[in-house]
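Asker: Here's the letter readout for the chains.
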Amino acid sequence: MPISGLVLTIDHEQPDSLRQVVAALAERPEVTVGESFGCKLAIATDTERAEVDRGLRAWIEALPQVVHVDVTFIAFDSDMEVAR
Amino acid sequence: MNLNSAIESASPPRNNRAADRRQFLKQAALAAATGVAARRAQAVPLPIVQSPDTETDEAGVTWQKAPCRFCGTGCHVRVGTLDGRVVAIQGDQAAEVNKGLLCVKGYHVGAALYGKDRLTHPMRRQGRFLGAYHVGGSHRHHRAADHGGTGAIRHLRLRSVDHPGGICGPKIHEGWLVQ
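Here the protein sequences line up with chains A and B, keeping their order. Residue 1 is where the first sequence starts when you use the working numbering, and the numbers rise one by one after that. Residue 1 is where the second sequence starts when you use the working numbering, and the numbers rise one by one after that.
Mixed in with the good hints, there may be bad ones.
Only part of the chain B face toward chain A is listed, based on derived beta-carbon distances under 10 Å [unchecked claim]:
no.: 1; residue: ARG22
no.: 2; residue: LEU25
no.: 3; residue: LYS26
no.: 4; residue: GLN27
no.: 5; residue: ALA29
no.: 6; residue: LEU30
no.: 7; residue: ALA31
no.: 8; residue: ARG39
no.: 9; residue: ARG40
no.: 10; residue: GLN42
no.: 11; residue: ALA95
no.: 12; residue: GLY100
no.: 13; residue: GLY110
In silico negatives: residues of chain B with every beta carbon more than 12 Å from chain A [said to hold, decoys possible]:
no.: 14; residue: VAL36
no.: 15; residue: GLY80
no.: 16; residue: VAL86
no.: 17; residue: ALA112
no.: 18; residue: LYS116
no.: 19; residue: ARG118
Using C-beta positions, here's what the derived DEER-type ranges look like [stated by the list, open to error]:
no.: 20; chain 1: A; residue 1: GLU51; chain 2: B; residue 2: ASP20; range: 22 to 28 Å
no.: 21; chain 1: A; residue 1: ARG28; chain 2: B; residue 2: ALA41; range: 20 to 26 Å
no.: 22; chain 1: B; residue 1: ASP117; chain 2: A; residue 2: GLU13; range: 54 to 60 Å
no.: 23; chain 1: A; residue 1: GLU48; chain 2: B; residue 2: ALA111; range: 34 to 40 Å
no.: 24; chain 1: B; residue 1: THR73; chain 2: A; residue 2: GLU13; range: 47 to 53 Å
no.: 25; chain 1: A; residue 1: VAL69; chain 2: B; residue 2: THR54; range: 43 to 49 Å
Note that these hints are calculated values from the structure, not bench results. We put the CB at the ideal spot given by N, CA and C, even for glycine.
Modelling step: build the complete structure from the supplied sequences, incorporating the hints.
Answerer: Here's what the structure looks like:
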């Protein structure tokens, strides 16, 4: 049941890239979008299984406007309460 | 969206303020990511410039390139000398390995030359302490050969005791220090 904090580096050479990324992330309920600083965007992800977490990160990395994804926080607690 | 609103959106509803562990971790994850993003946004990439092998600046300091002597990383150092003495140390910005940076040891690589307790010649142990007995080169090789030529001694014989930084092992009967 991983929870991750990620920093996305957005391709600032593409016009309107930040808005497009935020719009794409908004369609994923597992993602909480945080604040952006220049070409950096902070997000948190909350998924049920590690495989889903990896898949979500791969999906984010595959977004055409995202050039890099840094993992800044991760929690894998197996006894974590599922508050859904 | 600012930080407060981002954290608020990751928080449980107001009618359930007893944040469970999952919500707490989610807020921590977002806070960590926000902190890194803010920091990274302010980061300035180090300029990579070409540094000539030797140059003299307006203060008369002559800068030359050298390797750092303190570990095996291989950082490139620029050494500033004035009147025959090292007066300044810089990391070489053109070096791929350290990109202009040095550790605290590297920044003192010049000052270490002038330490009052620095060994300036090979010394031979006399009893428990090192004596100030200056050992000549031929004598050094002769005594090293007497001890069987293994381990550090073999290194001493093969590599020459005049090699900067060479240290003869302390476990031998008669220790030799070479700097």
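Asker: Hint by hint, note whether the structure agrees.
Answerer: Hint-by-hint comparison with the structure:
{"no.": "1", "hint": "ARG22", "result": "holds (5 Å)"}
{"no.": "2", "hint": "LEU25", "result": "holds (5 Å)"}
{"no.": "3", "hint": "LYS26", "result": "holds (5 Å)"}
{"no.": "4", "hint": "GLN27", "result": "holds (8 Å)"}
{"no.": "5", "hint": "ALA29", "result": "holds (3 Å)"}
{"no.": "6", "hint": "LEU30", "result": "holds (4 Å)"}
{"no.": "7", "hint": "ALA31", "result": "holds (8 Å)"}
{"no.": "8", "hint": "ARG39", "result": "holds (9 Å)"}
{"no.": "9", "hint": "ARG40", "result": "holds (5 Å)"}
{"no.": "10", "hint": "GLN42", "result": "holds (8 Å)"}
{"no.": "11", "hint": "ALA95", "result": "violated (25 Å)"}
{"no.": "12", "hint": "GLY100", "result": "violated (23 Å)"}
{"no.": "13", "hint": "GLY110", "result": "violated (37 Å)"}
{"no.": "14", "hint": "VAL36", "result": "violated (5 Å)"}
{"no.": "15", "hint": "GLY80", "result": "holds (36 Å)"}
{"no.": "16", "hint": "VAL86", "result": "holds (40 Å)"}
{"no.": "17", "hint": "ALA112", "result": "holds (38 Å)"}
{"no.": "18", "hint": "LYS116", "result": "holds (47 Å)"}
{"no.": "19", "hint": "ARG118", "result": "holds (45 Å)"}
{"no.": "20", "hint": "GLU51(A) x ASP20(B): 22 to 28 Å", "result": "holds (24 Å)"}
{"no.": "21", "hint": "ARG28(A) x ALA41(B): 20 to 26 Å", "result": "holds (24 Å)"}
{"no.": "22", "hint": "ASP117(B) x GLU13(A): 54 to 60 Å", "result": "holds (57 Å)"}
{"no.": "23", "hint": "GLU48(A) x ALA111(B): 34 to 40 Å", "result": "violated (57 Å)"}
{"no.": "24", "hint": "THR73(B) x GLU13(A): 47 to 53 Å", "result": "violated (35 Å)"}
{"no.": "25", "hint": "VAL69(A) x THR54(B): 43 to 49 Å", "result": "holds (44 Å)"}
In this structure, the hints that do not hold are numbers 11, 12, 13, 14, 23, 24, in rising order.
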